[in-house]
Amino acid sequence: MTTVLDRPTFGAAANLTCRECGATYDLGPGNACEQCFGPLEIGYDDTLLASVTRASIDAGPRTMWRYGGLLPVAPVVDLQVGCTRLIKADNLARELGMKTLWVKDDSGNPTHSFKDRVVAVAASAARTLGFSVLSCASTGNLANAVAAAAARAGMRSVVFIPSDLEAGKVVTTAVYGGTLVAIDGNYDDVNRLCAEVSGEQEDWAFVNVNVRPFYAEGSKTIGYEIAEQLGWRLPSQVVVPIASGALLTKVDKAWREFSTLGLVDASPYRVFGAQATGCSPVSAAFKAGHDVVQPVRPSTIAKSLAIGNPADGIYALDVVRRTGGAIADVSDDEVVEGIRLLARTEGIFAETAGGVTVATLRALLDAGQLDPAAETVILNTGDGLKTLDAVAPVAKPTATIAPSLAAFRAAGVA
Amino acid sequence: MAVTVRVPTILRTYTGGASEVSVDGAATLVELLDKLEANHPGIRTRVLDDDGKLRRFVNLYVGDEDVRFAGGLATPTPDGVTVSIIPAVAGG
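These protein sequence lines map, in sequence, to chains A and B. Mapping the first sequence onto numbering that gives the first Met the number 0, position 49 (from 1) lands on 48, and the numbers just tick up by one. Mapping the second sequence onto numbering that gives the first Met the number 0, position 22 (from 1) lands on 21, and the numbers just tick up by one.
Calculated directly from the structure, the hints in this document are not laboratory data. Note that this is a predicted model, so its numbers are computed, not measured. Worth double-checking, as some hints may not be accurate.
[Unchecked claim] Derived, one-sided and incomplete: chain B residues facing chain A with beta-carbon distance under 7 Å:
1. 9
2. 54
3. 57
4. 88
5. 91
[Claimed, not checked] To be clear about the criterion: a stretch of chain A counts as covered by chain B if any three or more of its residues have a C-beta under 8 Å from a C-beta of chain B, and this derived list gives those stretches:
6. 33-46
7. 204-213
8. 230-244
9. 303-312
Just so it is clear, CB atoms sit at the ideal spot from N, CA and C, and this is done for glycine as well.
Isolated chain A (complex conformation):
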């Protein structure tokens, strides 16, 4: 028998701690400090964290919940998320003149993006905290994940999206049967509305508003998995796409935790960030040497990264600077080329965010900021099938011919 039932409801989590002023609060709903409005994060009981070993992880399920001892809630809602493939990308490495390159491909999750990870934790927290409605502001991938998780958990979902989202993200949310509200505005407008609505509908769990401290911890599991899949060690470099910046900071947090707990050797690594030029407030702050992020109005095909006022932008800057990394941004044409390059070399069809990451990898190499000889991991956070429009103009049949041998010979495709 396992001892799952004996696990504390909130795992190793002890409290909510303000990242800015250190004020602490009881575990529960809430995302902003009552003293300074700073972000609340999960505080852990270090003794409980220290009980996690390679053996205890190895004995766990083949899902992200194998790292449950390092998460702030027990898996009440489980869609078999995580343990996605880590692919050695030798062809892409050769094309870019790199020595060792890996792609962590999170398009293999149940709703085809890394957002299933954060929602698994948020939905479990929502249930544990007594909420019956799951809600979010989303650029699309989160909408899919919330609607699907709510369906599976038997909860109502109310999902808010910008009205100009890709059809591939609207359909893949609406199909789960929840309430889907399209807002005439950009993501920052949607996010603002949700922050206001969450003050009215206090019985709704907005995964990325009032349950955000729990939600964000789910992203750590992608970092844990990379380390375990590399054979319990850390890579030298990682390139992470930046929308809110939360994913980048949590990959770093995962590797610091693994190092502290002795699950990996504490080898140095550099964290790099990727943005689309049409929404690059964090990249702009990095280049300008600023420690604040000036909000922008997004205009890019990489809609899943189109957050003009990123909540964790300053913390992403901190991580990148502390580890000696860099942040760069790429044009929409380069994003399309990045999607095609990854598809052509490795057989992985990434969504626009993945195109941003591949193109930024190339830009960082060209600029001499990323070491081609050092082992590197890049994150593909979503599936190209959701953003077909981005590549449809350049991904077409080579030839359309009559069903005859003569036509085949004439087409010149042999």
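Place chain B on chain A using the hints.
Chain B only, in chain A's frame:
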């Protein structure tokens, strides 16, 4: 006519639980925050830092406009407009 101020949950201890309060005769956000402070002592220092600047993790909107894109704290607050105070740490 007056200005309506929408108050986030974590500041409602200052407004007796009210999610909206009304403020009269404030031409700009600076004046509005002064009057808000007079009516609800302590609330201003939750929104502004020691230098009188908008706190890093607070977003202020006049109507639909994020004041960081407009005139900052000098942004006019005409009668009838709604001002929203919203925690910045959300989303993503």
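Hint check results:
1. For residue 9 of chain B, the suggested interface contact is upheld, since its CB lies about 5 Å from the closest CB of chain A, less than 7 Å.
2. Nearest Cβ of chain A to the Cβ of residue 54 of chain B: about 6 Å, under the 7 Å cut. The hint holds.
3. Checking residue 57 of chain B against chain A by beta carbon gives a least distance of about 5 Å; that is within 7 Å, so the hint holds.
4. Residue-level restraint check for residue 88 of chain B holds (minimum Cβ-Cβ distance to chain A is 4 Å; threshold 7 Å).
5. Hint on residue 91 of chain B holds. Least Cβ distance to chain A is approximately 2 Å, under the 7 Å limit.
6. Proximity of the region 33-46 of chain A to chain B, defined as three or more residues with a beta carbon under 8 Å from a beta carbon of that chain, is established by the 7 residues found.
7. Counting residues of the region 204-213 of chain A whose C-beta lies closer than 8 Å to any C-beta of chain B gives 4; at least three are required, and the coverage claim holds.
8. Taking a C-beta to C-beta cut-off of 8 Å, the region 230-244 of chain A contributes 3 residues in contact with chain B, enough for the three needed, and the coverage statement holds.
9. Under the rule that three or more residues need a Cβ within less than 8 Å of chain B, the assignment of the region 303-312 of chain A holds, with 5 such residues.
Consistency note: the structure conflicts with none of the earlier hints.
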